[in-house]
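S.K.: Sequence:
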Amino acid sequence: MITLVGVGVVLFFGSLIQRVTGMGLALVASPFLVLLLGSVTGVQTLQVVGLGVCLASAITLWSDINIRLAILLLLSSCIGLVPGTLIAKSLPASWLGILIGTLTLVALGSIAFLRRSSLFVGARGTGIAGALSGFMNVTAGVGGPPIVIYANSTDWDYREYLATVQLYFAGLNVLSLLARGTPDLPAAGWAVAAGSSVAGIVIGNRLGTTINESIAKKAVFAIACIGSLATVIQGVSTL
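According to my numbering, the stretch in the sequence shown is residues -11 to 227, in order.
None of these hints come from the bench; they were simulated from the model.
Misleading hints may appear alongside valid ones.
Straight-line distance between alpha carbons at most 25 angstroms, and here's what the computed DMTMM-like set of lysine to aspartate or glutamate pairs gives [claimed, not checked]:
id: 1; residue 1: Lys205; residue 2: Asp143
id: 2; residue 1: Lys205; residue 2: Asp52
id: 3; residue 1: Lys205; residue 2: Glu148
id: 4; residue 1: Lys77; residue 2: Asp145
id: 5; residue 1: Lys206; residue 2: Asp145
id: 6; residue 1: Lys206; residue 2: Glu148
id: 7; residue 1: Lys206; residue 2: Asp143
id: 8; residue 1: Lys77; residue 2: Asp172
Could you build all of it, start to finish, from the sequences and the hints given here?
M.R.: Shown next as structure tokens:
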């Protein structure tokens, strides 16, 4: 019961922040879902929920989506999906938990300190961003940071970026689930995941213009850091 409540709270706030800022679901939810459900089921559950949240957001923002760029990023992500899948399937649970926590911390650090990079400019930059995003998503469920750096480096229009990444991550989560499989959750778990995510999206739609985006992003950073550190500590303690 406590686990289900925890999953619901994490997914509610993650979905709300995702709708307001364009990302945040994975960074907030990944480490905590790993703590609650385990390193494999936690990431798989996040990918299923992420698929639903991003699809719902993409529908509401469809007119602003750059479909061509979303497809290019998705094709590039396949470069990172293959090695990421092999690593995720070969590591023991403890080491996978450590990897997930560490990758999330690296992702947070890259957003905080590497705002722009010439590596992410042009066609090469699109390929690099997609490949890194694919690797990080299939292993840890956190494929967003490389796309954020890509957006900053190319001065991507924020309105178009916010819409396009929803379609991109919906597709990326489909590929990740095909590569790693779907989570084995009880009916109650699916109900909680679906209900809390829908509630987060609905409230996010209503509050999107009233929530300070800067404050929301700082909250994402702080919460995700705490969860990531806890995931690493748990993984080390079970070696």
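S.K.: What's the verdict on Lys206 and Asp143, does the C-alpha distance respect the 25 angstroms limit or exceed it?
M.R.: Measuring from Cα to Cα gives roughly 21 angstroms; hence the hint holds.
S.K.: Is the Cα-Cα distance between Lys77 and Asp172 25 angstroms or less?
M.R.: holds (16 angstroms)
S.K.: Hint check: Lys205 vs Glu148, CA-CA at most 25 angstroms. Holds or violated?
M.R.: OK: Lys205 and Glu148 at ~19 angstroms, within 25 angstroms.
S.K.: Going straight from one Cα to the other, do Lys77 and Asp145 come out at no more than 25 angstroms?
M.R.: violated (37 angstroms)
S.K.: Please work out if Lys205 and Asp52 have their alpha carbons no farther apart than 25 angstroms.
M.R.: holds (22 angstroms)
S.K.: Lys205 and Asp143 were given as a pair; does the straight-line alpha-carbon distance stay at or below 25 angstroms?
M.R.: holds (19 angstroms)
S.K.: Could you grab the alpha-carbon distance between Lys206 and Asp145 and see if it respects the 25 angstroms cut-off?
M.R.: holds (21 angstroms)
S.K.: Taking 25 angstroms as the top limit, are the C-alpha atoms of Lys206 and Glu148 close enough?
M.R.: Cα-Cα ~22 angstroms, so holds.
Going down the numbered hints, you'll see the structure goes against just number 4.
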